[in-house]
Amino acid sequence: MGLTFRERILRTFERRRVDRIVWQPRIYYWFYGNRLRNKLPNGYTDESLLRGLYEVIRPYKGHVPEEYRNMSMLQVYDHLGASPRYPQETLGVSLFRMRVDERKVRVRSFRGSKPGERITIWETPVGKLREVTVHGYHTEYPVKTPEDYRVMEFILDNTEFVFDYRAFEVADRAFGPRGVVQTFYPRSPLQRLIVDYMGFERAIVALHRHRRETERFMEAIERWDDKMYEALLESPVQILNFGENVDARLTSPRLFEEYLVPYYNKRIRQIHSRGKFCHIHMDGYLKPLLPLLEEVEFDGIEAATPKPQGDVTLEELKDALGDKILLDGIPAIMFLPDYPLRKLEEFARKVLEMFSPNLILGVSDEVPPTADITRVKRVSQIVEEYEP
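What the sequence shown shows, in the working numbering, is residues 886 to 1273, in sequence order.
Please note: incorrect hints may appear among the correct ones.
[As the list claims (entries may be wrong)] Mimicking EDC-like on lysine to aspartate or glutamate, the simulated pairs with C-alpha atoms at most 16 Å apart in a straight line are:
id	residue 1	residue 2
1	Lys-1172	Asp-1132
2	Lys-1029	Asp-1081
3	Lys-1013	Glu-1025
4	Lys-946	Asp-1257
5	Lys-1262	Glu-1238
6	Lys-1172	Asp-1196
7	Lys-999	Glu-940
8	Lys-1262	Asp-963
9	Lys-1151	Glu-1201
10	Lys-1235	Glu-1270
11	Lys-989	Glu-1045
12	Lys-1013	Asp-1042
13	Lys-1209	Glu-1179
14	Lys-1013	Asp-1033
15	Lys-989	Asp-1042
16	Lys-1151	Asp-1196
17	Lys-1235	Glu-1201
18	Lys-1235	Glu-1269
19	Lys-1235	Glu-1272
20	Lys-999	Glu-1016
21	Lys-1161	Glu-1115
By construction, these hints were calculated from the structure, which means they are not laboratory data.
Could you build all of it, start to finish, from the sequences and the hints given here?
Written as structure tokens, this is what we have:
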């Protein structure tokens, strides 16, 4: 009898031999974008994350074969012969929550006038912040000037990262032998500035014109992160994901080396000291950052996107990764109906040959809503035929 997906994933990170490479495409954009109805696992009743996924991911009119229309996402994974990665996406189960001290911070979140628009307002004794998103993408960032730093610091000082052990038990039981429960969580200070708090332009201008104040603010974020990592390190999660969304067009080599390499290695060493593994989500253009990958001590790189969708060849990626694990590797556009199927098949085999056994095969970044889902099944067959 062969190994389970769960066993193969752990053995891959432990650098032990496996009988098959794990095929682990993230299908949640396809699933929720086509408005298939997921259901919460037994023992979990909080529907807020699941509702949020349907709110954030805009509806599409992709082709969904009849056989999938009444399946949960876990059932789809079983039918595809593939493994799930994150319970947030697959089950609508969050492994942590942010507990805000409501005596000191008043938070109001409500729908705006536009489709998919959400407005969030934080009111504190030191000031007020306002954020607007549309389908999860910012149209207004909460931190607009360095004067807002102290307000966000106050919010962080009164916000606790709480790991939900009960949710982990539910997710772990639901995944069973299908996979290892993993999680991503708030980004590093620099990436939080760029992606969550200020936006790229404001963050870069602030680092240039108000460097001292901005770096002090980043230090405050890092102090909050210290407590977050205490909770994560005590948790039963074995594989942690730095959900950074790194793109060299936004995070330059200089910024990466100055602000991210030291931060990442500090956290990676904490994680490794507890016998856990970690990987980082780098789904943007990568070529200028490839020489720096050897400086970070991650076990793996997730969502690195090769040409023709990204800016690197498989050969360049292989050279830069060394013996790091590649998670994913097949460009998402290859799953679109008008992309030649033969080229997808050839590419999947090439990734298997080049990166095995340091490989968790998947889609860089996710299976799109307009994808031909039968192509995901076809890659399952290719993986089944391949012996690492």
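Against the structure, the hints:
Distance restraint check for Lys-1172 and Asp-1132: the Cα-Cα separation of roughly 10 Å lies within the 16 Å cut-off, and the hinted pair is therefore satisfied. Straight-line distance between C-alpha atoms of Lys-1029 and Asp-1081 comes to about 12 Å, which keeps the hinted pair within the 16 Å bound. For the proposed pair Lys-1013 and Glu-1025, the alpha carbon gap of about 14 Å is at most 16 Å, so the pair holds. Restraint check for Lys-946 and Asp-1257: the C-alpha separation of about 12 Å stays at or below 16 Å, so the hint holds.
Only pairs whose Cα atoms come within 16 Å are accepted, and Lys-1262 paired with Glu-1238 is rejected, the gap being roughly 19 Å. Restraint check for Lys-1172 and Asp-1196: satisfied, since their Cα atoms lie roughly 6 Å apart, inside the 16 Å limit. A threshold of 16 Å between alpha carbons decides the hint, and for Lys-999 with Glu-940 the separation of about 12 Å falls inside it, so the pair holds. With a C-alpha separation of about 10 Å, the suggested pair Lys-1262 and Asp-963 falls inside the 16 Å cut-off, and the hint holds.
Among the hinted pairs, Lys-1151 with Glu-1201 is inconsistent with the structure: their alpha-carbon atoms are about 27 Å apart, more than 16 Å. The hinted pair formed by Lys-1235 and Glu-1270 meets the criterion: a straight-line CA distance of about 13 Å does not exceed 16 Å. Pair hint Lys-989 plus Glu-1045 holds up; C-alpha atoms about 13 Å apart against a cutoff of 16 Å. Annotation: proposed proximity of Lys-1013 to Asp-1042 holds, straight-line Cα distance about 15 Å (limit 16 Å).
As the CA atoms of Lys-1209 and Glu-1179 are separated by approximately 9 Å, the hinted pair is consistent with the 16 Å bound. Proposed proximity of Lys-1013 and Asp-1033 is supported: the alpha carbons are some 8 Å apart, at most 16 Å. In summary, the hint linking Lys-989 to Asp-1042 is supported, as the alpha carbons are separated by about 10 Å, within the 16 Å threshold. Straight-line distance between C-alpha atoms of Lys-1151 and Asp-1196 comes to about 29 Å, which puts the hinted pair past the 16 Å bound.
A threshold of 16 Å between alpha carbons decides the hint, and for Lys-1235 with Glu-1201 the separation of about 14 Å falls inside it, so the pair holds. Restraint check: the Cα-Cα separation between Lys-1235 and Glu-1269 comes to about 15 Å, which is no more than 16 Å; the hinted pair holds. The straight-line distance between the Cα atoms of Lys-1235 and Glu-1272 is roughly 13 Å, inside the 16 Å bound, and the hint therefore holds. For the suggested pair Lys-999 and Glu-1016, the alpha carbons sit about 14 Å apart, so the restraint of at most 16 Å is met.
Restraint check: the Cα-Cα separation between Lys-1161 and Glu-1115 comes to about 13 Å, which is no more than 16 Å; the hinted pair holds.
In this structure, the earlier hints numbered 5, 9, 16 are contradicted, and the remaining ones agree with it.
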